[in-house]
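Letter by letter, the chains look like this.
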Amino acid sequence: MPQRIYVGMAPQTRDAQGEKTRSRIVSDLGIGTINSVRVATVYTLNADLTADELAAAAQGPLSDPIVQAYTINSTFCDDFSWMVEVAFLPGVTDNVARTAREAIEILLPRDLGGRFSVHTGTQYFFQGKILRKHIERIASQILANHLINSIAIYSRDEWLAVHTQEFPAPLVTDDSEISPYREVDLHVDDSVLMRISRDGMLALSLDEMHAIQAYYDRPDVQKERSAAGLPENPTNVELEVLAQTWSEHCKHKIFNASITYHDNDRDPQTISSLFACYIRQATKTIREIKGKHDICLSVFKDNAGAIRFNDQWAVAFKVETHNSPSALDPYGGALTGIVGVNRDPFGTGLGGRLIANTDVFCFASPFYEKPVPPRILHPKRVLEGVREGVEHGGNKSGIPTVNGTIVFDDRFLGKPLVYCGTLGLIPMEINGRKGYEKKAEQGDHILMVGGRIGKDGIHGATFSSEPLHEGSPATAVQIGDPITQKRMTDFLLRARDRGLYNSITDNGAGGLSSSVGEMAQDTGGAVVHLDRAPLKYHGLEPWEIFVSEAQERMTVAVPPEKVQTFLDLAREWSVEATDLGEFNDSGSLTLTYEGATVARLSMEFLHDGLPQMHLTAKWVTPVERRQGALQSDSLKEDLLALLRRLNICSKEYVVRQYDHEVQGGSVVKPLCGARNDGPSDAAVIRPLLDSFEGLAVANGIAPRYSDIDTYAMTTSVVDEAVRNAVCAGGDPGHIAGLDNFCWCDPVPGDDNPDAERKLAQLVRANQALHDMCIHYGVPLVSGKDSMKNDYHIGDTRISIPPTVLFSVVAKVPDVRKAVTMDCKSAGNYLYLLGTTYREFGATEYAALKGIDETTVPFVHKPAIAAKTYAMIHKAILSGFARACHDVSDGGLGVALAEMCFAGELGAEVDLAGVPQEGCTTETELLFSESPCRILVEVSPEHALNVESLFAYLPCARIGQVTRGDSITFRGLEGATVLSVSRVDAKGAWKSTLNF
Amino acid sequence: MPDKLSAIVLAGNGANCERETAHGCRIGGFHQVDIVTVWELVDGEVDLGGYDLLCLAGGFLDGDDLGSAKAQANRLRYSRIRTSNEPVIDAFLRFIADGKLVLGICNGFQLMVKLGLLPGFDGEYTTQVVTLTHNDSGRFEDRWVWLRANRQTPCVFTRGMDTAYFPVRHGEGKFVAKEKDVLTRLKGNNQVVFHYMDPSSGSPTISYPDNPNGSQHAIAGICDPSGRVFGMMPHPEAYLHRTNHPRWTREELPEEGMGVRLFINAFEYLNSRT
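These protein sequence lines map, in sequence, to chains A and B. Here the first sequence stands for residues 1 to 995, numbered as in the numbering used here. Here the second sequence stands for residues 1001 to 1274, numbered as in the numbering used here.
Since the hints were made in silico from the structure, they are not lab data. Careful, some of the hints might be misleading.
[What the hints assert, rightly or not] Okay, derived cross-link-like pairs now, EDC-like style, lysine to aspartate or glutamate, Cα gap no bigger than 20 Å in a straight line:
id, chain 1, residue 1, chain 2, residue 2
1, A, K824, B, E1252
2, B, K1100, B, E1124
3, A, K439, A, E429
4, A, K20, B, D1136
5, A, K849, A, D409
6, A, K380, A, E19
7, A, K651, A, E388
8, A, K618, A, E756
9, A, K251, A, E518
10, A, K817, B, E1251
11, A, K370, A, D410
12, A, K990, B, D1210
13, A, K824, B, E1251
14, A, K874, A, D731
15, A, K817, B, E1252
16, A, K817, B, E1256
17, A, K129, A, E19
18, B, K1100, B, D1047
19, A, K439, A, D497
20, A, K536, A, E594
21, B, K1004, B, E1268
22, A, K867, A, D771
23, A, K439, A, E561
24, A, K817, B, E1255
[Said to hold, decoys possible] Quick look at which bits of chain A chain B covers, simulated, 3 or more residues with Cβ under 8 Å:
id, region
25, 15–24
26, 65–78
27, 92–101
28, 482–489
29, 663–669
30, 678–690
31, 820–826
Ideal Cβ placement from N, Cα and C applies to all residues, glycine included.
Take these sequences, add in the hints, and give me the full structure.
Right, here's the structure in full:
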């Protein structure tokens, strides 16, 4: 029978978790009548343990003898007014329970039986005068998420009446007979076809259903089916495999669609595929131009893109999003996002050691005050949950979170964007083979390694290919398990170095269906015995086993003679590995369950049978809106207000909770300057501790600019990422980029009237990406798209602004030359590189002042910018630049203020000296957001050198660093127009997100 | 004098600072440095007895799911080495009894405390008498802190050190002793090796953020009475080179990071042993 152990902080001991819970309730819900909160962990042990054994577990692994106390089968606390118990619903990943179970099995020297299970929960004891309805609000809005948790609320009397009773363990109870498959009749009319797709959560279009119908009508297919004992019609297993393989998430149908693009009144243009015409083409062109200096090793074909780092090492980089799951359960969604993207560079080539994470989030304001629509969590809760999910995912995996940013816009209320990126290092050569390549061989066994399979994440790929709606499944929510993954990756790196496998890939979206389906292309077929797969619990049907997205799993191709060695090593390292089948050259993917064939699909149809989508895009340039000269008479207040804005203010509270220096190679941290709190432009790491070669990692993102033109937006984000990397010391000649598109649905439908415009925005973004990458010489090596970032329930429709995250990795030839953004010494000169245009459309200043203009910032002269970056890199290598800082959100005023308060120095700047076109006022010069600009601090002895480097480029000495507190700007007439204390500026900048 | 000194860095199961810790050992002078997982130790593939310095690297053992390092302490205490059938902990105890050195950093320190390896009063290395628990802030934080070294300590790792500047990166670093006399003994024996320090006064502090977690008596690291077994929450292996320092681009700093000293001291101690 299940028994319970309760563990919490001992009486008279500080309960930091309880205090944190209380302060969140006060700050987020405004409920201030709670005197105290005490927290206890509930361990429900589902086994017949003796009293001695229970006590041994309680005082051994489960509690700390110094600060904690425990009780067994009776309440932990009796001085309270309310108690809320939050537990996991059956089947939800429970990491603490997994660890507790293993600990108890080690502790007790007897076999506890295969049915032994542990389940955890948390009890919150509230003391104070609180109404039941307030407790209910606290439970649902702070403590628990009904999609993954059960919630029980007890008054003191209610709880004390039952606390010694037996509580059931939340087991998945499903003793139903498993049917191997169900036949699905496709000889039906179109409306029924669409119902099959919709009701089955297949997300297949009518064209796609027709293509499937036609496949099953082929005589050769029918002949094969009858030989395999399969019915004429598809089995539900086959339909599920097709739906996963053909999902937008896996096949990028929109990026591969044929598009008719109407640009205003010009003749329409046919684009055969955005991916082929713009993205792949840009990389191809750049590689040709670079010739023998090409740095690309593996582009677009593997889980991550790989470039050369040095002669011994390749670096793999991938950025992914996990938006839909993070909307439903921010903590679990984001945690799964980070550990999920970790598996991409890990599963690239023969496998990479993970060296850095970079994360970018987009949220609505955490101070959002209007009522939130149904099924949406408050943005503060989303922010906190995502922050914590990535904290646990990154920190527990031992991968430094080297940088990132947060963008705020209230249109991210419907779907937050959670971008997680990871870099890995792959040896150029492993056992005589190229480390960044892989190939499954015929006869190799298919081994699944890591976690077990449950119903979690079923239909994740098809779910993320749809807008968030009433029926969005909770099974799409999962909780990552960084430790199971860490054990798995530690083990697999050892197996890699021993040459125990030929190929590896991750089980992400689509699960085994995706990993085995992809790897089987190497040999031309595979057979998988689904009944061999290890399950978390009974009750999974064969199709569920194959498409489940349960986390922490890799699939590897192991030569038959090495299977036993592989399995033995796995056992030694406490990692589960299972032989599921083999790769062959049969031309088809065959799935069996308990001896019966349940699916057989031709590899050719599976991978190439998807009909191309045809879409129309229409772009109408917005009517120009432009005010006269912008002249504010409150420049100081404007600057302080900008510094307080969510998109500019300090994110230190988030940054500090991420380990940004584990692995020992941290060179430029996310926070820098005299007080370790200035905002760095890019991260620099030294991944090999015996070398001074390094990597710079940076991001660019500017969704607001999409309100005017996504072409301009994309030029800005590419520029921002490259410029940031270069500012810190990255080599603009050894740099690679990743594009990551998050869009609102550009496929027409009854409830999507402006799809053609959204698609035109996508086309323009791709055009800009292509053009900018070629100008800057940045090959794209990998990317991702998430095309359904809409929320649609009832009459509420919220679409995100079209967003491109551009991420770069650049080589830093010698990390000892890296540069940070903080001002270093009084007397040094300040140079401004790049031209300031009068650009205010969709800028932070425009948002602050309510300015409605179409003068959106964009890269006017990319070739000049590229030359500027090459020169500043030279200056950095020569040691001429003491500080470099990109000028972006909030313009020159904000950038200079940040340099000054980070360096605890003042500055005097002459706005009349700023290289500019079209600006007529100080306000315009201070706050325009034109890209391509860098503020550089140079000591007077190097001034001539710097001036000669930039002789033919936009560059001017605009002032100098001063001792003291003032940041002073002289105006066009020479008089001081703005003087602000750096202490006040920093105070404003740090005040907003001071959680 | 031994011919060759070797260090073992324990990894696996959520440890994650093993590479930089091993690098510290190498810079410190150790001729052979092996990163070994707990699985290889339990399997009997690697014998602890062949080494001179044992480093318990930082990380998140078992995800710290049952409290920091709790599950690993349980594993080491109750798992038996497959080849010899002796509990893993016995190999640790023999290692200490043989006069060798043990260094635990962050999660490694938490593990030592929960195994009872520290503070090791009266040669008793298996009973837990102090703990490291949740920071008062309730948060994990990555933050560089100043440390004041105790000049009277027997700790061999910190010889010649006065102050140090290292990052803390933990959520459970608050040092707590249950009994008052434990703290008195720790102080009396000079087993408190590092205190969190207010850099403006140079004195130990209990104020956040200079004391990042609310540790009693500002304790950041302790050793056993012999000074050979030592654990600390801040990460010396995170500051092995000038470029690790958060302000290296604006301050004049020696090429060698402050963390190297601990490894050199360990090497020199072992090297001078007769």
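Each hint, compared with the structure:
1. K824/A - E1252/B: The given pair, whose Cα atoms are some 12 Å apart, holds under the 20 Å limit.
2. K1100/B - E1124/B: holds (16 Å)
3. K439/A - E429/A: This hinted pair holds, its Cα atoms lying about 15 Å apart.
4. K20/A - D1136/B: OK: K20/A and D1136/B at ~9 Å, within 20 Å.
5. K849/A - D409/A: holds (16 Å)
6. K380/A - E19/A: holds (19 Å)
7. K651/A - E388/A: Cα-Cα ~14 Å, so holds.
8. K618/A - E756/A: holds (5 Å)
9. K251/A - E518/A: Holds, because 12 Å separates the two Cα atoms, which is no more than 20 Å.
10. K817/A - E1251/B: holds (14 Å)
11. K370/A - D410/A: With a Cα-Cα distance of about 11 Å, the restraint between K370/A and D410/A holds, given a limit of 20 Å.
12. K990/A - D1210/B: holds (19 Å)
13. K824/A - E1251/B: Status holds; Cα separation ~9 Å.
14. K874/A - D731/A: Holds, because 9 Å separates the two Cα atoms, which is no more than 20 Å.
15. K817/A - E1252/B: The given pair, whose Cα atoms are some 14 Å apart, holds under the 20 Å limit.
16. K817/A - E1256/B: holds (17 Å)
17. K129/A - E19/A: Holds, at roughly 17 Å.
18. K1100/B - D1047/B: This hinted pair holds, its Cα atoms lying about 14 Å apart.
19. K439/A - D497/A: The given pair, whose Cα atoms are some 16 Å apart, holds under the 20 Å limit.
20. K536/A - E594/A: holds (18 Å)
21. K1004/B - E1268/B: holds (12 Å)
22. K867/A - D771/A: holds (16 Å)
23. K439/A - E561/A: holds (17 Å)
24. K817/A - E1255/B: Given that 20 Å is the threshold and the Cα spacing comes to 14 Å, the pair holds.
25. 15–24: As far as the region 15–24 of chain A goes, the hint holds, because 4 residues have Cβ atoms under 8 Å from chain B.
26. 65–78: Holds: 4 residues of the region 65–78 of chain A have a Cβ under 8 Å from chain B.
27. 92–101: Our answer is that it holds, as 5 residues pass the Cβ test (under 8 Å) against chain B, meeting three.
28. 482–489: Answer holds; 4 residues pass the 8 Å Cβ test.
29. 663–669: That given contact holds, which follows from 7 residues of the region 663–669 of chain A lying within Cβ reach (below 8 Å) of chain B.
30. 678–690: holds (count 3)
31. 820–826: holds (count 3)
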